[in-house]
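Protein sequence lines correspond, in order, to chains A and B.
For the first sequence, our numbering assigns the number 429 to the last residue and increments by one with no breaks.
For the second sequence, our numbering assigns the number 600 to the last residue and increments by one with no breaks.
No wet-lab data here; the hints were simulated from the structure.
Note that beta-carbon positions come from the ideal geometry of N, C-alpha and C, so glycine has one too.
One should not assume that every hint holds.
Stated by the list, open to error - FRET-style restraints, in silico, Cβ to Cβ:
(1) A:51 with B:511: 55 to 65 Å
(2) A:392 with B:524: 44 to 54 Å
(3) B:493 with A:246: 46 to 56 Å
(4) A:199 with B:583: 47 to 57 Å
(5) A:392 with B:516: 46 to 56 Å
(6) A:172 with B:439: 33 to 43 Å
(7) A:24 with B:575: 55 to 65 Å
(8) B:562 with A:186: 45 to 55 Å
(9) A:155 with B:564: 13 to 23 Å
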Amino acid sequence: MRTIKVDTLARVEGEGALYVKLKGDQVQDVKLKIYEPPRFFEAFLRGRHFSEIPDIVARICGICPIAYQMSAVHAIERALGVGIDPSVRLLRRLFYCGEWIESHALHVYMLHAPDFLGYPDAIAMARDHQAIVQQGLRLKKAGNRIVALMGGREIHPVSAAVGGFYKAPSKSALRDLAEELKWALDASLATARWVAGLDFPDFEQDYEFVSLSHPEEYPFNEGRIVSNRGLDIDASVYEENFTEQHVQHSNALHSVLRGRGSYMVGPLARFNLNFDKLPDVAQQAARDCGLHAPCRNPFRSIVVRAIELVFACHEALRVIREYEPPAAPRVETTARASTGQAATEAPRGLLYHRYVLDQEGLIVFAKIVPPTSQNQKRIEEDLWHFVSQIATRPNEEITGKCEQAVRNYDPCISCATHFLRLHLERDST
Amino acid sequence: MTLRIIGCGNCDRGDDAAGVRVARRLLELGVETHGFETHGIEIPGLEITEHSGESFSLMDSWTGSDRVILVDATAPSGTPGQIRVWNVPADRLPEDVFPCSTHAYGVREAVELACAMNLLPRILLVYGIEGKQFSLSAPVSPEVEWAVETAARQLLELARTMTAPAQVARD
Chain A
1 MRTIKVDTLA RVEGEGALYV KLKGDQVQDV KLKIYEPPRF FEAFLRGRHF
51 SEIPDIVARI CGICPIAYQM SAVHAIERAL GVGIDPSVRL LRRLFYCGEW
101 IESHALHVYM LHAPDFLGYP DAIAMARDHQ AIVQQGLRLK KAGNRIVALM
151 GGREIHPVSA AVGGFYKAPS KSALRDLAEE LKWALDASLA TARWVAGLDF
201 PDFEQDYEFV SLSHPEEYPF NEGRIVSNRG LDIDASVYEE NFTEQHVQHS
251 NALHSVLRGR GSYMVGPLAR FNLNFDKLPD VAQQAARDCG LHAPCRNPFR
301 SIVVRAIELV FACHEALRVI REYEPPAAPR VETTARASTG QAATEAPRGL
351 LYHRYVLDQE GLIVFAKIVP PTSQNQKRIE EDLWHFVSQI ATRPNEEITG
401 KCEQAVRNYD PCISCATHFL RLHLERDST
Chain B
430 MTLRIIGCGN CDRGDDAAGV RVARRLLELG VETHGFETHG IEIPGLEITE
480 HSGESFSLMD SWTGSDRVIL VDATAPSGTP GQIRVWNVPA DRLPEDVFPC
530 STHAYGVREA VELACAMNLL PRILLVYGIE GKQFSLSAPV SPEVEWAVET
580 AARQLLELAR TMTAPAQVAR D
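Next comes chain A alone, as it looks inside the complex (with noise of 0.2 Å):
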């Protein structure tokens, strides 16, 4: 019996562990434990007016605090039925575009790449790709920019509201981040021929992929949920076409779609449930990487992640040159006893928020489905096919191996629950 263990999993947001358990190379076992403490935000927010639910979700993550102010805020514009200025739609998704760039040049240079690369941390990779590494933190920065301006601050915003926006930037302000954007766009570009380069594992699933999907344009805040077997709903009914399922090892509960199981949500989703609504760039940027819709090799998720930045610096050098400010940033709200769902595509995928609101808008429950929650499955899944494959191999390899798989999803367990450890066992008897 092998038991193969990562106690503290690294490179990943949050604490959690991995167990592999292995007799001879027949995988036995594989738990991802996600051991962070549950946190308890659904519950903190009952009885809180509804203008207060925009800044105390943004605290949930450091990394896509943006991803859970505009689920929340569409959420409960839907429950009160607000519209929305169109300039302010266009500003909802410049906001997305900066915190797509600051997470996914994140994962893509500083925690993912190391693997690939056989480095054990970005710091390692920095001695020997300096300027590789400098551009990843400049396009994290250019991202980190556009959160500055549309949020007031770089972590945890605090400029969205139920309606619109406290303030909105004006146009000179915007015009201030084209340049920048215009080299994070052709960085972005270099970044996606760069990690199309990596070696990848030869490993493929039969997924389905759920993602949104809007008419006419790459999914931020609105469209229905899809997936490649035919779901396709309104976010209204998400609970009842998706269910979550506590496992004893695990403080996130599991999501799964009811009656089928696991699913993947997030880049690859997107990506492969939308490839026509890309720009032309992105799709070209695509075709020269090799990556075609569909892709099922988790592990090409870093060449999407590459394409999605590419995507979003094109998105958001069109907002800024389309962008006219709206008369006023917000629309003002009345309160009324009135339930909302929403869900929006985090840089991880998509993110799901019920509210059920009183008379007076105060919270009387909500409910919120993060992405890795949704993945959390799936990632084992993933293990017990990829683990199998490579099960004659040192387990030390495995181990890192292990953990780069689980790094395809970059999982946010701080999100999830509300650091990965692998442990593998192997019964060699």
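Position chain B relative to chain A; hints supplied.
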């Protein structure tokens, strides 16, 4: 060039506030921060800032300064309030003393990454104050309160020697 003192930490997590508290105490002590020129000689100023400790923006925060002092809380090891000083890069920051954040990149990683990419300031001193309690909303422990005061006064003296004597003569 300006001497920059950067106090790192999170004021909502007990002793993690140590670095930020030192930065604020320095300002309370009336440290002079403006540089000036006299007899054609540029006397460097002193900047005191607070920072969350997030690696990448921390690296940016010392850009433009060739002399930097970082102050941060360190992991508990049985001697709360103990002050240790590392002269980087001659001294490596120990992993167990500066454990990483949940996002795996904190003060130690910022220093290591900057070192790997030749982005360190000419002089970088890291003041570590050993913490005792880091729970959410926990108060700062008495040992760390004492250490904050001690570190602030040590840094005041150090700033005097690293800038001009007239810079820090208000208290």
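Checked hints:
1. A:51 with B:511: 55 to 65 Å: violated (45 Å)
2. A:392 with B:524: 44 to 54 Å: violated (33 Å)
3. B:493 with A:246: 46 to 56 Å: Cβ of residue 493 of chain B to Cβ of residue 246 of chain A: about 51 Å, so the range 46 to 56 Å holds.
4. A:199 with B:583: 47 to 57 Å: Taking Cβ atoms as reference, residue 199 of chain A and residue 583 of chain B lie about 51 Å apart, which means the hint holds.
5. A:392 with B:516: 46 to 56 Å: holds (48 Å)
6. A:172 with B:439: 33 to 43 Å: holds (35 Å)
7. A:24 with B:575: 55 to 65 Å: For residue 24 of chain A and residue 575 of chain B the Cβ distance comes to about 59 Å; the hint holds.
8. B:562 with A:186: 45 to 55 Å: holds (48 Å)
9. A:155 with B:564: 13 to 23 Å: At roughly 21 Å between Cβ atoms, residue 564 of chain B and residue 155 of chain A fall inside 13 to 23 Å, so the hint holds.
When each numbered hint is compared with the structure, violations occur for hints 1 and 2.
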